[in-house]
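If you read the protein sequences in the order shown, they are chains A and B.
Each step along the first sequence adds one to the number in my numbering, with nothing skipped, and position 253 is 253.
Position in the second sequence counted from 1, then plus 310, gives you my numbering.
Treat the hints with care, since some could be wrong.
[Unchecked claim] Part of the chain A face toward chain B, derived, beta carbon under 10 Å:
hint : residue
1    : L31
2    : L72
3    : L96
4    : V116
5    : T125
6    : A139
7    : A211
8    : A213
9    : W214
[As the list claims (entries may be wrong)] Using 20 Å as the maximum straight-line C-alpha spacing, the simulated EDC-like pairs for lysine to aspartate or glutamate come out as follows:
hint : chain 1 : residue 1 : chain 2 : residue 2
10   : B       : K370      : B       : D528
11   : A       : K226      : A       : E201
12   : A       : K297      : A       : D239
13   : A       : K67       : B       : D528
14   : B       : K412      : B       : E471
15   : B       : K412      : A       : E25
16   : B       : K411      : A       : E25
17   : A       : K115      : A       : E204
18   : B       : K411      : B       : E477
No wet-lab data here; the hints were simulated from the structure.
Backbone N, C-alpha and C define an ideal beta-carbon position, used for all residues, glycine too.
If you want the building blocks of each chain, they are given just below.
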Amino acid sequence: MTAVESAPAARAKGRPEISDRGRSERRLGLLLSAPAVVVMLLVTAYPLVNAVYLSLFSYRLTAPDDKRFVGLGNYATALTDPLFWQDVLTTFAVTLVTVAIELVIGFGFALVMHKVVFGKRTVRTAILLPYGIVTVISAFAWRFAFDLDSGFVNHWFGLGDYAWFSGRWSSLTVIILSEIWKTTPFVSLLLLAGLAQVPGELSEAATVDGATAWQRLRRVTIPNMKAAIMVAVLFRTLDAWRIFDNVFVMTKGQQNTETLSFLTYRQTITRTAIGLGDAVGVLLFLSVVLIAAVFIKGFRVDLSQVRGDR
Amino acid sequence: MESNRSRATLVAVSLLILVWTVFPVLWIVMLSFKQPGEVGNSQSFLPEHWTWDNYRTVFKTDLFTSALINSIGISLIATLIGVVFATLVAYAIARLEFPGKKIILSFALAIAMFPVVSLVGPLFNLWRDIGLYDTWPGLIIPYISFALPLAIWTLSAFFREIPWEMEQAAQVDGATPWQAFRRVIVPLAAPGVFTAAILTFFFCWNDFVFGISLTSTDSARPVPAALAFFTGASQFQQPTTAISAAAVVVTVPVIVIVLLFQRRIVAGLTSGAVKG
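Work out the full structure: start from the sequences and follow the hints.
Structure, rendered in C-alpha cells:
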C-alpha cells in the first residue's frame, strides 16, 4: 500500500514541467489501454448494435429477399410465445437452485481451505480441479454416469431403468449437478477471499465470550464477509443465467430443458432466423442488465474490490 | 488450540470434498479404458477389460487430432495476446494518472457479465462477411476480448502490490533504466502475469459457444465443439468410450497446470487477498 501512495507523491513533488508530465502520462495511459479496449469494443459493441438493428426485421438467412421491417414485431412474437416463458422459467429454476446450493457448498469448501493445516495443498488442488475441467467434459461425465447404457448411478442406487433424460425435471437435475460440480470452486475462492478479510480477533473475542461455533459463524463471520458473498452471488447468478454448454451436451434442449441462451442459439444459428433470434438475444441481454442493476443498485453490491479500484 | 474432535471433522470433510471433486474425473478415465462393447452391457464403474483402444481410435480420428491442434494453437495465441494487452492496461491503471481509469474497469466488468450467446448471431454474419468465419483469428479475437476482464483485474491487483519505488532505488544505485526494469520489476511482476496467463488459458480452453457457432469444419473447430459433434469411429459403435478418451486427453494439461500452480491460481482468483 505504501508503495502505491508514495509513487504519485514523489511525482507531485516534481519540477515545473508537472503539467507536461501529466499530459504525457495521460497520453501514455490511454495508449496502453487502447488495444484491450478496442478489442473488447470490436467484439461486443458492434455486434450488439447490429443485433438490435436486425431484431427489427423479419429476416431469415435462407430467404434474404424476404427481409422486411417489422418494428417490434419479433419482440411481440417472442414475448407472447409460451415457449419463451417456459424457457425463462427453466433458466430461472436452474439459476436459483444452482446458486443456492453452490453458496452453501462453496462456503463449506472455503471454510475447509481456510482452516485446514494438514494436507492444505491436496485440498486446494482437489477443489481447483473442476474449475479447470472443460464444461463440456463435465457435462459428458455426468451424462454418461446417469445414462441408461453407460451409467453406474442407477446400478449403484438401485434405480433400475429409471430414465433420467426422458423427463424435464430429472434431466434438469443432472444438468444442475454438472453445473454445480464445475463452478462451485469459483464461488469457494471468492468466499475464501472474504473469509481472509474477517478480523481474527473478532472471532476470538466471541469465543472468549462463550459463543458457540454456529453463533460465531452467524453473528461474526458471515456479516463481516457480506461484500464477498454478494459479489459471489452476483457473478454466479449471471453466469448460471447464461447456462448453455451443459444443456447442449445433455439434452440439446429436449424434454423442455431449453434455456434462454439455448433458445437464442437455436434461432440464430440452427434455424438462421436472424431477426427473431436477435430479438431473443437482445431480451437475454436486457435480462442480464436488469439482474445486474437489481444487485448493484438494489442490494448495493460493492464491486470496487472486484473491479480493482482502490 | 483445535480440539481433536473438530480436527477429525475437518479431515473427514476434506476427504468428502476430495471424493466429490475427483470422482467425475475418475469416472471419465474409467470409461475411457472400457471396451466400446461394454457400454450398454455393463453398468459397472470399473472397466471389465482394460484397453487402450479408445486412445488409439481418437488419435487416428482426424476430427479429433485437428481439433486438438486447433485448441492448443488458438488458446495459446489468444492467451499470449490477451495477457500482453491486459498487462499494458493493468500497468497503466496501477501506475499512471489518466482519465477513464474507472470507465475502463467498469467496461471490463460489463464485458464479463455479457451474455455471449447474444453476440453469436451478429458475429456469425460479420465473420462471414469479412472472411473470419471458420478461421483461427475468428476464434482468437472473441477469446481475447472475453478473457480480458479477468486478466485485467488479476493483473491490476498484483501490480498494486509491487513496490515500484525499488526501480528508482536501483537506478540511484547505478543501474540503467533497462537494468532496473529487467532485474527489479520483471521478477516482481512475473508471477502475476503468469497467473493471468493460466486463467486466460483456462478460459479459452473451456469455450464452447464460439467454438460451435463460428466454425464449420475442422480447420478451426476446437475440441469441446468437436466432442459435441463426435458420433464415433463407425456409425454402429457407441461413441461413449471414444469421447471419454478424448476428454481425458484434453483434461491432462489442465490437471498438470492445477497440480503445479494451485497456489498461483488461488491467489489470482482471490485477487491476491489470500496469502500462503
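Verification of the supplied hints:
The closest approach between the C-beta of L31/A and any C-beta of chain B is roughly 8 Å, which is under the 10 Å cut-off, so the hint is satisfied. The interface hint given for L72/A is violated, since its Cβ lies 17 Å from the closest Cβ of chain B, which is over the 10 Å cut-off. Taking 10 Å as the C-beta contact cut-off toward chain B, the hint placing L96/A at the interface is violated, the least distance being around 18 Å. The closest approach between the C-beta of V116/A and any C-beta of chain B is roughly 6 Å, which is under the 10 Å cut-off, so the hint is satisfied.
Against a cut-off of 10 Å between C-beta atoms, the interface hint on T125/A holds, since the closest Cβ of chain B lies about 5 Å away. With a least beta-carbon distance of about 9 Å to chain B, the hint placing A139/A at the interface is held under the 10 Å criterion. The restraint placing A211/A at the interface with chain B is violated, with a minimum CB-CB distance near 15 Å, outside the 10 Å limit. Satisfaction of the interface hint for A213/A is found here, the shortest Cβ-Cβ separation to chain B being roughly 8 Å, below the 10 Å cut-off.
Here the hint on W214/A is broken, as its CB sits about 13 Å from the closest CB of chain B, past 10 Å. A C-alpha spacing of about 14 Å is found between K370/B and D528/B, which places the hinted pair at or below 20 Å, so the restraint holds. Between K226/A and E201/A the CA atoms are separated by roughly 18 Å; this keeps the pair inside 20 Å, and the hint holds. For the given pair, K297/A sits about 19 Å from D239/A by alpha-carbon distance, which is consistent with the 20 Å threshold.
Between K67/A and D528/B the alpha-carbon distance is near 32 Å, which puts this suggested pair outside the 20 Å criterion. For the hint linking K412/B to E471/B, the alpha-carbon distance of about 19 Å falls within 20 Å, and the restraint holds. About 16 Å separates the Cα atoms of K412/B and E25/A, which keeps this hinted pair within 20 Å; it holds. Taken as a hint, the K411/B and E25/A pair is honoured in the structure, with Cα atoms around 13 Å apart against an allowance of 20 Å.
Restraint check for K115/A and E204/A: the C-alpha separation of about 14 Å stays at or below 20 Å, so the hint holds. For the hint linking K411/B to E477/B, the alpha-carbon distance of about 24 Å lies beyond 20 Å, and the restraint is violated.
Consistency with the previously given hints fails for numbers 2, 3, 7, 9, 13, 18, ordered from lowest to highest.
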